[in-house]
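*Asks:* Sequence:
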Amino acid sequence: MYDGVFQILQNSSSLELAVASFHLLTELGKQYPRTYVADSGGHQSLVVVKESWVPFLFGNGAVSSEIGGNVRSSDHLFDPSRFSLLIEAIVEPTNGTDDNNGIKAIENMMLFQYLVNTLEADFVPRQIATKESLDWVIFRESLLSMLLGSRKLVFKSFVKNCMCILLNQYYHEAKDDYEDIIPSERETESTSYHNFSLNYLSFELKKTLISLRKLFVMVMKLDLTRKEADTLGLTSRADRFRNSIMDIILDELTYNSSYLSPFLLAFVERKWKLEIILQYFSKYCGKGAVRTRRSDNSQEDLKLENVLNFFVTATSAKAIVRKMSAEIAQLLLTHAYQACLSAEDANSNSADTPEKVGATLQEISSNFIAAFQNIRKVSPDIQISPFEKEALFTAATLVRKLKSKER
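Numbering (the working numbering), first residue to last: 3 to 409.
Treat the hints as calculated values from the structure; they're not laboratory data. One or more hints might be untrue.
Label-pair distances were calculated between CB atoms; the ranges are [said to hold, decoys possible]:
1) M148 - A398: 48 to 56 Å
2) K405 - A268: 31 to 39 Å
3) K407 - G43: 43 to 51 Å
4) Q33 - S259: 45 to 53 Å
5) E408 - P388: 26 to 34 Å
6) A316 - H45: 53 to 61 Å
7) V156 - D41: 39 to 47 Å
Mimicking DSS-like on lysine-lysine, the simulated pairs with C-alpha atoms at most 27 Å apart in a straight line are [what the hints assert, rightly or not]:
8) K32 - K106
9) K158 - K106
10) K325 - K379
11) K133 - K32
12) K379 - K391
13) K379 - K320
14) K154 - K229
15) K133 - K305
A virtual CB, placed ideally from N, CA and C, is assigned to each residue, including glycine.
Make the full structure from the sequences, and use the hints.
*Replies:* Structure, rendered in structure tokens:
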């Protein structure tokens with residue numbers, strides 16, 4: 003059933019069929035999970051139903067049928083290379099005036115969403131099962147690790163294409179192209195269907211962006227676990243080396259500064275956004291220690307408090323602005339402050355984000371305002387965006403309120 007419905011999703015003749023097959027696959031996954039945790043002797047252990055169907059293919063391209071052991075075609079399954087090609091297909095602009103192209107674009111987005119959901123359903127139970135002690139083998143055998151560790155997937159290009167989806171405005175361009183067309187000799191019903199398809203394309207694009215951010219976070223967590231296991235000496239030569247997703251993102255944002263603003267606006271996960279910003283600053287603030295295979299990275303301890311201290315005086319701010327532009331410094335500080343506020347508003351039980359802040363909200367707010375004042379001393383003609391003005395107003399308001407409570 004899984005196999006048949008999955009093939010229908012990839013070759014739908016209508017939008018209704020694509021949507022129905024996607025939802026059926028999703029419900030099947032909920033009813034019959036491949037990976038889950040079960041209570042065992044007072045602790046949670048991982049259970050993997052290895053004979054369960056998965057949409058991924060890691061091997062020689064042939065799989066055995068459950069009935070009779072006959073070899074069946076696996077062309078419709080996704081090996082690492084095809085998964086990468088799917089990302090490329092989503093990046094490409096879609097011609098909104100063609101019904102078939104529109105349906106195919108929606109199919110590709112639904113396929114990506116389903117594949118990410120499958121990766122997540124396999125990854126999350128492994129996280130839960132390893133909370134008490136780090137067992138790197140459990141993560142090494144995850145679908146995500148096998149997918150990204152394959153030589154068939156060029157990881158750097160894959161990440162760059164994923165970033166393009168976050169940055170790409172092709173839907174808006176497709177919408178503009180569509181609105182410029184004069185619907186001559188088109189029936190009202192046909193025009194209505196075009197409008198519905200275009201609106202649904204926008205809806206699926208939003209869901210795809212959510213899935214993409216979810217995928218990014220999973221890969222970042224996998225990379226962090228790999229680094230911890232590496233430090234503890236739990237990895238081996240069997241674990242194929244690849245650059246971390248964080249390093250690739252930072253390189254792209256460093257060499258293409260125009261990507262910074264749209265990427266930070268699109269990537270809303272506060273913990274990892276703050277981590278990206280802190281590591282971006284670490285490239286310009288101080289010298290990092292030489293890192294060996296079994297050593298830790300000293301720059302991981304960099305906190306927002308430390309970053310703001312680099313702007314505590316006009317002299318220190320000038321030293322940073324020489325390395326990166328004043329505009330970029332303001333942009334990064336504002337997004338970091340926004341992430342700090344989001345953590346406070348969420349009242350999350352997780353201490354990850356507050357640990358990366360390193361100071362009280364009042365101290366961070368005061369230092370944030372001081373940083374902007376010192377940047378302005380260094381660059382008197384610098385413009386402040388509405389987004390940055392709003393953050394400064396919020397910081398000033400919070401400082402007044404928090405000081406009044408102390409009295």
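*Asks:* Each of the hints needs a verdict: does it hold here or not?
*Replies:* Okay, the hints, checked on the actual structure:
1. Restraint check, M148 to A398: a C-beta distance of roughly 51 Å satisfies the suggested window 48 to 56 Å.
2. Taking the beta carbon of each, K405 and A268 are about 35 Å apart, inside 31 to 39 Å as hinted.
3. Checked against the hint of 43 to 51 Å, the C-beta distance between K407 and G43 comes to roughly 49 Å, which is consistent with it.
4. At roughly 47 Å, the beta carbons of Q33 and S259 sit within the given window of 45 to 53 Å.
5. Checked against the given bound of 26 to 34 Å, the beta carbons of E408 and P388, roughly 31 Å apart, stay inside it.
6. The hinted window of 53 to 61 Å between A316 and H45 holds, with their beta carbons roughly 55 Å apart.
7. Restraint check, V156 to D41: a C-beta distance of roughly 41 Å satisfies the suggested window 39 to 47 Å.
8. Restraint check for K32 and K106: satisfied, since their Cα atoms lie roughly 26 Å apart, inside the 27 Å limit.
9. As the CA atoms of K158 and K106 are separated by approximately 26 Å, the hinted pair is consistent with the 27 Å bound.
10. This hinted pair checks out: K325 and K379 have alpha carbons roughly 16 Å apart, not beyond 27 Å.
11. Of the supplied pair hints, the one linking K133 and K32 holds, its CA atoms being roughly 23 Å apart against a limit of 27 Å.
12. Between K379 and K391 the CA atoms are separated by roughly 17 Å; this keeps the pair inside 27 Å, and the hint holds.
13. Annotation: proposed proximity of K379 to K320 holds, straight-line Cα distance about 9 Å (limit 27 Å).
14. For a cut-off of 27 Å, the pair hint linking K154 to K229 stands: about 23 Å separates their Cα positions.
15. Under the criterion of a C-alpha separation no larger than 27 Å, the hint pairing K133 with K305 is consistent with the structure, at around 24 Å.
Of the numbered hints listed earlier, not one is contradicted by the structure.
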